[in-house]
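Visitor: Chain order of the listed sequences is U and Y.
Following our numbering, the numbering of the first sequence begins with 263 at its first residue and continues without gaps.
Following our numbering, the numbering of the second sequence begins with 2 at its first residue and continues without gaps.
FYI, nobody ran anything at the bench for these hints, they're computed from the structure.
Just so it is clear, CB atoms sit at the ideal spot from N, CA and C, and this is done for glycine as well.
Hints may be right or wrong, so weigh each one.
Said to hold, decoys possible - Estimated spans, in silico, between C-beta atoms of each pair:
| # | chain 1 | residue 1 | chain 2 | residue 2 | range |
| --- | --- | --- | --- | --- | --- |
| 1 | Y | 642 | U | 375 | 47 to 53 Å |
| 2 | U | 387 | Y | 6 | 21 to 27 Å |
| 3 | Y | 38 | U | 423 | 49 to 55 Å |
| 4 | U | 315 | Y | 6 | 43 to 49 Å |
| 5 | U | 349 | Y | 297 | 54 to 60 Å |
| 6 | U | 349 | Y | 162 | 37 to 43 Å |
| 7 | U | 350 | Y | 110 | 44 to 50 Å |
What the hints assert, rightly or not - Just so you have them, the derived chain Y footprint on chain U, three or more residues with Cβ under 8 Å:
| # | region |
| --- | --- |
| 8 | 319-326 |
| 9 | 361-374 |
| 10 | 390-404 |
| 11 | 408-418 |
| 12 | 426-436 |
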Amino acid sequence: MKTTNILKPLVLSLAVAAAVAALPAAHAQTATQSAAPVSSSAATASSTAAAPSATSLVKVRGFVTGSPETVGFTGTAVVNSQLANDPDFNLPQLIFTLDMSGVSGFGSQSHAQYVITGPEIIQRRLAPSHAVEITFPFVVSGGSPLATQTGVASFAIDVDQNTGYITQASGSVSTPNF
Amino acid sequence: MFVPKNASRSRIKEAEVGRRNRAEITRALSQGQVTRRDLLKMGLFSGAGALAWKHGLNPFVNSAYASIPTGFPSSPLFGVLPFTQPMLRFDVLPRVPNPLTALTPTPTEQANTTQQPVPAVLGGGTGPVEGRPPGPIWAHQRWNQFLPQIGMEATQLGARNNTTYNPQVASQFNSGVPAGGNIPLKFHPGLPTQAENTVWTFNGTIPPKLAIGRYGEPLLFRHHNGLPADITQNNGFGRHTISTHEHNGHHGAENDGFTGAWFYPGQFYDYHWPIVLAGHFSINTAATDPKAGTPNGSGGITKIPGDWRETMSTHWFHDHMFSHTSENVYKGNAAMFNIYSAIDRGNETINDGVNLRLPSGRLKDFGNLEYDVNLMLADKAWGNDGQMVFDIFDRDGFLGDAVTVNLAYKPYFEVERRKYRFRILNGSVARFYKIALSDGKPMIQIGNDGNLLPAPVTLTQLDHIGIAERYDIVIDFSRYAIGTKVAMVNLAEHNDGREVSHDLSLADALAGNSSDPGVGKFLEFRVVRNPATPDVSQVPAVLIPNPDLSAIPVVRERLFEFGRGASQPSADPITADPDGEWGIKSEGGQMLAADFGRVSAMPSAGKREVWTLRNGGGGWDHPIHIHFEEGQILERNGSLANVPAWERGRKDVYRLRPGGEIKITLQFRDWGGMFMEHCHNTVHEDHAMLLRWEINNGGAPFLRPLPTPIPTPQGVGFQDPTVLPTA
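The shape of chain U in the complex, shown without the other chains (with noise of 0.2 Å):
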């Protein structure tokens, strides 16, 4: 198999480009990444701040406001932060669960009780603090699924760089407003 010429402008070509490389920086130009979440309406929230753990009880509670009614939404969400090392790329991952099913919605007319499924799983890069936002479903208890609406949660979360744990998670409901 002759493989010594195929490919020989291609390394000669790179040589010259290494060179190329060894230049100063001229027209720096970076993408932006932006993770700030939507501002939330009539939301408030709570912070834990127990002893660090891969599963951290967050208190919730909020409204979302819309047709047949608005939904007040209080109840306990259970964020779960996993950690996956990478010893070869020195790239570790968090992967979020967050299970919404301990949180029930009220409605203001039909005083009818809503029930959120889930969880919704999040995937992010290690790093200290992380906003995250979710839309999850909600739907009268025993409704018909085609029923269904739209509520965003808002999770502010801190985790120890070496576990994962989370150190610290806060949470909120609001209205969709996409």
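Chain U is fixed; fit chain Y onto it per the hints.
Guide: The following block gives chain Y in isolation, referenced to the frame of chain U:
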């Protein structure tokens, strides 16, 4: 990762130079002019399998013009805007009755070894017309019991206009696009036509092809290889030899598209898909269960043997060529296969107590497509000339910056105010998607991979859909006013091909707060009218319960670990990947790169096993596909509680998640032969995270380790397999 379109000319040029250099490597590899070992000697690849850390080659090396990676050049859009072309629905393959008389030459139980001239560029002489390995071992299992009733033919060809387009729906159900016409192979009418050897698809045309089948009606799919005989005529990527995998067919191994059973240009391969319920020979053998059935053509049910809880619905088929699957699937070798049954018959009006009446249509007994829509997601990239490129920047995965649906760049699709079923296939090489609707409204997931779930799951954001996974969902558009536009949005951001780096919020994805062009809206639905007839389709609370395996003893547990740093003890130049760094560790042994001549596991026919699939690291994700049998996930990271509702049905692709581990249970029934297990990030698969397993009963023709096929244009030879001691 991708250089912004508004970057300086110098930066864009720099990235293009890198891509050109990488394209030379890709071309040389695809055409067999060099091996990866040669590249290692030349200093272009590192010992760990990564592209050398050289400027002008590696996109992750810092730019000369910025303190950020050089990146990948963006695909030019030639002024094309998103959502300015209709999404064409799949092109349905004609079903030919009585293939034993209709097809020429007549399909045969054993491979047809009639000789034909072989082009000089393939070595000359003569070779068989059929590329299937010859003899009784590769004969179609139970051929006479399941003689094919329907035939389908397709030819793998270079790009050309489609003059026979047939979506099997009227134009009002296809965004106004009628059947027929003359459809050029473009990702958008405003983008250049793809050159003949840039894109290789079924019949050389777009949109992708859809096969229609039903249980109890054996199919014969004759796949012709019409690709260039000259291996260099590939426009820089793609291998002209192919092996077609019916993913996840419950068929004999000779019809599975074994990675080492490829066939050559000028040959065909007859794949025999009997389409039986798993447990055909052991459960409901008298065919008395009313739920185990198939549409009879006139509104009734023909009962069939097997376990109705094993009914499958949404398959696809694609190339599985050893070491070249990623290039070939990316190049267009991907199609879908809807399988209909009494319980999921594609007719929403028949109310017989068995039919689930999922959104579909009403005109035909089965297989109505008006409200049952196949969606194939695939990210592509093209160069300044608009021609598709494959960028083997490393062996972690390939990402394109242009998301296509049914091979159309960011199209729109017109819908009525009613429920639709969408069968979503991730047909990408390495990209995961996380799908939401742009208004955050809910979707109902009814299926995962080929199978309907035990119960529907309502979600506002779907879980990651890994490569080769299929999610069947229902969207109810009756909640929208006519004139509404709502889009599917991808929330999963990649920085490389290894895994999702960041799941965005819907607000951030819509605001464009990602450097990954694959994030954001990719398909726009336009609500255009009320349905002409009331929507009588349903989403029942119970779909297909899982088979109850509790009384079936587990005869063995196995552990497979997927990771890097694989070694290759074999020097076989044909069957063994020489230096792929991805590999699989079986039962705590060595991390081994793929060798399709090596058998790594030998489960016994008719038995049940439990397999643990472990991700050997946290820096990557692997969607692991196990051929032949559906499995149930018993545990994720040690607990059933970690298995979400949408994964509690049967599956054939198992996303491990970074650092994750899952335990599954499988049975091995009805058919025999050699199958595979591999990562479906097809770059990982090609380099070389794949193993062969084989059903073994120690003697019966298909139930023992079989000789390994060694295809050549002049015929297929065989050699004895090697078997791991722990197999």
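Visitor: For each hint, tell me whether it holds in the structure or not.
Guide: Going down the list of hints, with the structure as the test:
1. Remark: the range hint 47 to 53 Å for residue 642 of chain Y to residue 375 of chain U is contradicted by a beta-carbon distance near 24 Å.
2. Evaluation of the 21 to 27 Å hint for residue 387 of chain U and residue 6 of chain Y yields a pass: the beta carbon distance comes to about 25 Å.
3. For the pair residue 38 of chain Y and residue 423 of chain U, the beta carbons lie near 40 Å from each other, so the given range of 49 to 55 Å is not met.
4. For residue 315 of chain U and residue 6 of chain Y, the hinted distance range of 43 to 49 Å is satisfied, since their beta carbons lie about 45 Å from each other.
5. Look at residue 349 of chain U against residue 297 of chain Y: about 58 Å separates their beta carbons, and that is inside 54 to 60 Å.
6. Range check, residue 349 of chain U to residue 162 of chain Y: about 51 Å between beta-carbon atoms, so the 37 to 43 Å window is missed.
7. For residue 350 of chain U paired with residue 110 of chain Y, a C-beta distance near 49 Å keeps the hint of 44 to 50 Å intact.
8. Coverage of a stretch by a chain is defined here by at least three residues with a beta carbon nearer than 8 Å to that chain's beta carbons; for the region 319-326 of chain U and chain Y the count is 0, and the condition is violated.
9. With a cut-off of 8 Å between beta carbons, the region 361-374 of chain U has 0 residues touching chain Y; three or more are needed, and the interface restraint is violated.
10. With 7 residues having a Cβ less than 8 Å from any Cβ of chain Y, the region 390-404 of chain U passes the three-residue criterion, so the hint holds.
11. Counting residues of the region 408-418 of chain U whose CB falls under 8 Å from any CB of chain Y gives 5; the rule of at least 3 is met.
12. Requiring three or more residues with a Cβ within less than 8 Å of a Cβ of chain Y, the coverage given for the region 426-436 of chain U is violated, as only 0 such residues are present.
Hint violations for this structure: numbers 1, 3, 6, 8, 9 and 12, all remaining hints satisfied.
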